[in-house]
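Asks: Work out the full structure, taking the sequences as your base and the hints as a guide.
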Amino acid sequence: PSATAAVQEWACRALANLTAGTDAQCDARKLASLEARVLPQIVATTGAPSATAAVQEWACRALANLTAGTDAQCDARKLASLEARVLPQIVATTGAPSATAAV
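Counting along the sequence shown from 1, when you hit position 83 you're at 65 in the numbering used here, and nothing is skipped either side.
Check before you lean on any hint, since a few could be wrong.
What the hints assert, rightly or not - Simulated restraints, written as ranges between beta carbons of each label pair:
hint, residue 1, residue 2, range
1, A18, A54, 18 to 26 angstroms
2, W(-8), A14, 34 to 42 angstroms
3, A26, N(-1), 16 to 24 angstroms
4, A46, A10, 14 to 22 angstroms
It should be emphasised that the hints constitute simulated quantities derived from the structure, not laboratory data. Cβ atoms here follow ideal geometry from the backbone N, Cα and C, with glycine treated the same way.
Replies: Here's what the structure looks like:
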């Protein structure tokens, strides 16, 4: 993969790791991620010509983590994801030729 794809992959991996978990600190990290406007960046990254299957996989993991949970802010995170046009990008990603079964 190109250097750009490698950076995108590691950025998505970092976000997925930051937003994994079910503890109160995780909820705070998810909120901080949204406040940092990561959703539009994830959408842009998965749709970039340089997006490899690994980039798409880790971006989807990060999105899954951001929208998972039962905390009070979970519905707000899901709504923010829809407002960021995440759903059409996920659909496009899963149909992309480079998408893998892990996505």
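Asks: Against this structure, judge whether each hint is valid.
Replies: Okay, the hints, checked on the actual structure:
1. A18 - A54: 18 to 26 angstroms: 20 angstroms, holds
2. W(-8) - A14: 34 to 42 angstroms: 19 angstroms, violated
3. A26 - N(-1): 16 to 24 angstroms: Cβ of A26 to Cβ of N(-1): about 20 angstroms, so the range 16 to 24 angstroms holds.
4. A46 - A10: 14 to 22 angstroms: 18 angstroms, holds
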